[in-house]
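Q: Here is what each chain is made of, one letter per residue.
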Amino acid sequence: MQLSREALLNAYRAMKTIREFEERLHVEIQTGEIAGFTHLYCGQEAVAVGVCEHLGTRDRIVSTHRGHGHCLAKGCDVEGMMKEIWGSREGLCKGKGGSMHIADADKGMLGANGIVGAGAPIAVGAALASRANGPGPDGLDVAIAFSGDGACNQGTTFEAMNLAVVTQAPCIFVFENNHYSEHTGFSYAVGTDRDIASRAEAFGMKAWRADGTDFFAVHETMREVLAHVRGGGGPAAVEFDTERFFGHFEGDPQRYRGPGEIDRIRAERDCLTRFRAAVTAAGLLEHSDIDALDTQVMDTIEAAVSAARAAARPTAEDVLADVYISY
Amino acid sequence: MTKMMYRDAVLSTIMEEMARDPDVVVLGEDVVGGMGTAGGPEAIGGIWSTSTGLYDRFGPGRVIDTPISESAIVGAAAGLALSGKRPVAELMFADFIGVCLDQLWNQIAKFRYMFGGKSRCPAVIRMAYGAGFNAAAQHSQSVHQILTGMPGLKVVMPATPADVKGLLRTAIRDDDPVIFLEHKALYATSGDVPDDPDFMIPFGHARLCRAGGDVTIVSTGLLLGMCEAAADRLAAEGIGCDVIDLRTTSPLDEETILDSVEVTGRLVVVDEAPPRCGLAADLRALVAEKAFSSLKAPPLQVTPPHTPIPFARELESAYLPSVDKIEDAVRRVLAWR
Amino acid sequence: MPDIRPFCMPKWGIEMTEGTLAEWKLEEGAAFSRGQLLCLIETAKITNEVEAEWDGVLARVLVPAGGDPQPVGALLAVLAEPGASAQDVDAFIAGFRPADASVAARGAAAPASAPAPAAEPAAPRPLLTNRAISPEARKLAEQSGLDIEPIEGSGRNGRITLQDVQQALRAPARPALQGALAAPEEDHAVFASPLARRLAALHGIALGSITGTGPRGRISKADVLALVPQPGSAPVIGTAPFVPVPNPPTVVPFDRVRKVVAQRLTQAKQEIPHFYLRTSARLDELLALRKTANLVLGSKATINDYLVRATALALAQHGDVNVQVHGDSVHRFAHADIAIAVASPKGLVTPIVRQADRQGIAAIAQATRALIDKAQAGKLAYEDMDGGTFSISNLGMFGVEEFAAIINPPQAAILAVGAAARRPCERADGSVGFETRLALTLSVDHRAIDGAAGAAFLATLKDLLETPERLFA
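Residue numbers (this note's numbering), protein chains in the order written: chain A, 1 to 327; chain B, 1001 to 1337; chain C, 2001 to 2473.
Honestly, I wouldn't trust all of these hints.
Think about it this way: if two alpha-carbon atoms lie no more than 30 Å apart in a straight line, the pair counts; the simulated DSSO-like pairs of lysine-lysine are [stated by the list, open to error]:
no., chain 1, residue 1, chain 2, residue 2
1, B, K1296, C, K2300
2, C, K2269, B, K1296
3, A, K107, B, K1118
4, C, K2300, C, K2011
5, B, K1296, C, K2379
6, B, K1290, C, K2379
7, C, K2011, C, K2139
8, C, K2346, B, K1296
9, C, K2139, B, K1296
10, B, K1290, C, K2374
11, C, K2374, C, K2269
12, B, K1290, C, K2300
13, C, K2221, B, K1290
Cβ-Cβ distance ranges computed for the label pairs, FRET-style [to be verified]:
no., chain 1, residue 1, chain 2, residue 2, range
14, C, G2158, B, P1151, 36 to 44 Å
15, C, A2343, B, A1318, 47 to 55 Å
16, C, Q2163, B, K1290, 19 to 27 Å
17, B, K1290, C, S2033, 38 to 46 Å
18, A, G136, B, G1034, 31 to 39 Å
Since the hints were derived computationally from the structure, they do not count as laboratory data.
Since we're looking at a predicted model, the values are computed, not measured.
Don't be surprised by glycine CBs; every beta carbon is placed ideally from N, CA and C.
For reference, chain A alone in the conformation it holds in the complex (with noise of 0.2 Å):
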């Protein structure tokens, strides 16, 4: 199915944002000026992208400790992140997340998650929820729980797989398989023969696979994916083929990669850059539209980033506000 224009140039700076988001906290991280643990999901940008796409503001979502595309791709404040970031009393979660916490639920992000593994059963509740609501014009409300290879290691993701299965919950399990658990190749950690997807249809729920570096192939699977829960058929899961830029965390010298990995992957594996190729080529889009686009992302992560450094800090006093609505 054909996008139309505006959706193209809407997905492209969606992609772009997170890339550009991911690559500048890589330079800022450096400086030592952002505190904590931060694991950037650059590379996989069409996966969260052309999920999202598809969502409105009523789907929820959970997702991980690499989850900064998530935020974005689901409508998270740019400025609002980069300041939670920089740990600051105006961030999205006034500087009591960070990286790995951020949520926003008038947008339907659930949040982030330190723990491999614990959004799935939480995705399974939100689908639980959607439904005991009922279908809407649009059929059911669904969940998503994202994950990463890593994180279809836990009972919890089994747990949970089960619980949708048993429960019809209209939930669905996105694997974004970048093919490293930490630093751990997925050859070694994941024991099924064939993929994860193949795990999920164990427990009874339809599962697609498709490539999650081409961005087009992400979006047309989810919209079959979609049509069948929000339906009512069920759970389902999906596996994306992606890749990973940097390591698992800031910092990570990554000894485990082969000779010429990252180069190889960023020249051919690069959604953005196949993104381009293939509107171009089909003409879809000018090159000069793409360029005018980067240039406008570029401004709006450069002013987020002023923006963050100049927001108000935290106070001591802050430490004790939002624990509990009363006590």
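Fit chains B and C to the given chain A structure using the hints.
A: The following block gives chains B and C in isolation, referenced to the frame of chain A:
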């Protein structure tokens, strides 16, 4: 007032709250019971009979029978709560927090704070705790000492049917995550319960079960009955005990404890959890810090020993606090010279 | 060799040199246990009960009750474990040497029954035990000769702690019990702390009308106490018919302290030619000043503390009042040591504020507070009460308007202080106003102090109280 059992107070409160608020949903293992069997739904109706009839009345959308998957149960409760529902999840045995601790501790407890106060997680996690049924080390524990130590959770331990009613209603209507601990040895006990459909007991409001000016006894749950029995025995000798039921260990009613110790100068904390790093140690430290000048004797604790819970009848009764042990502790604080 | 120990005249306080054995509480040859009362020993200041520190037998009494005063360190009796023979005891007495050389010197001039010199009496005996015991606990057990075997150690694996030893050394506790009370009925409609409920029930206050200021908006005791009517409302008079009942006396024999007080005061009132000087001082300035001074100094000085200060300054100016009478001579002192009369559980005691003329008001306040606390706990030591150049007795807190006190020998004067009261007075313009006045009565020993000297002292004191800035000079 209506006389009812502790377990019926649980069930009727859930029933009433589900009828009042369509956002209240129930989930847990066997909360329906019999799903996928020849007996069919409601063949069991919850192993504690605290969910009997909910499925028939409110249907599968709001009464969710789950597989044995505690992480998924608590995680789903979290997701439901973040999505605007008021889930009441049941863990069957409190000991099972071991298999879902991450969801309780790293997820539910932390959402509100970690996400800058914007996320609400109004989940109630009910669980049956406590010894007295020879259920041995993995089905008898009192876990409040672990959960009370987790910022972000509220922890409720009702001791009477009336308190179940008032506190569970408060828990369901509360906008924070609440751990609701039901003592299994209390399920079959009866008591008067107010009929007011909005009867609620605020959290952090201890109950004074016995009054006396000589020793303060603080406890929760099943052990309160023993504390009251000990206080009654001692009263016959002219020894008066304030027996305080904390009702909630988080928030803690510091004021009631300190008010009492300022008069008595002597404290005995009676707790079913092991002795180290627990409620009893915490309260004794509180009093040592904030009522030091009132103390006439070192505060004592009556707890089980620092061992797992044994199985055999003789062993379990030797393990648990008893009326005699409580009485002995009261005499020991009074004998301090 | 059986365990034989000397029982010597104790030394309570730096100035005690001798004491009188007032009464033996058991016969020679009688057995005693730890904590049992052995005897009463009287000094110039107090009568003390002496308790046994271990279990044994009063093997030999060397100094009978009621005899002459004995020097500190003098051997009064020999204590031994049961089974010690008379020969063992004789040998012990023969070999006994008092610890203090000066006592030994005095002992030479003492009666024949006085001890002969011997080895060290109270060397701690090493504790031989396999029990786990903390170093400090072991030290104390050794010093006190305590048998640690019966102690149930409270430490890990039964280790004996210092606290366990201290507990074992104390007499059994007999706490005053309050007994059970009626637990307040819980009213679920109102959110109030249990104490607030009790207070409300006690004072008949309806909780429903109160807005709670306690934790989580709860009604706390402070909220209820704010509504408690101040005392002074009329008592309810019973309407039951009057029935007379027998009214027999409860006979309470004088204890030792009361005996000493009775004897001393009778002697003072009979032997000392008292005369009395009365005046009153305007207190308004002092009351006003005290408020701000206490704020500034951060102290809680009472009117009595200011009186001590003023009296001390007046005594410094009038050295002829700051005296003691000893037989045919008058002792004068450079500084004023002021005894304050305090009611204690053991009766009237008079601890001393030392060199009050050299101490500021805050220091005096602190000193008197400490002395009063000790007195009320029954823990005043001999040195807290030894000496004194002047006494103050204040009954103002009971509303006594004025009274005259009996001099406490060897002191030569005592000031009796009544209540501060509002009195009408003539103002400078001739109109009538009110002022706060304090009645002062000085009892004076005419043997040492003449009327004019006493009056001059009293005038200075009155002047200091009425111009209180000088109390801070």
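Q: Report the numbers of all earlier hints that the structure fails to satisfy, in ascending order.
A: 2, 4
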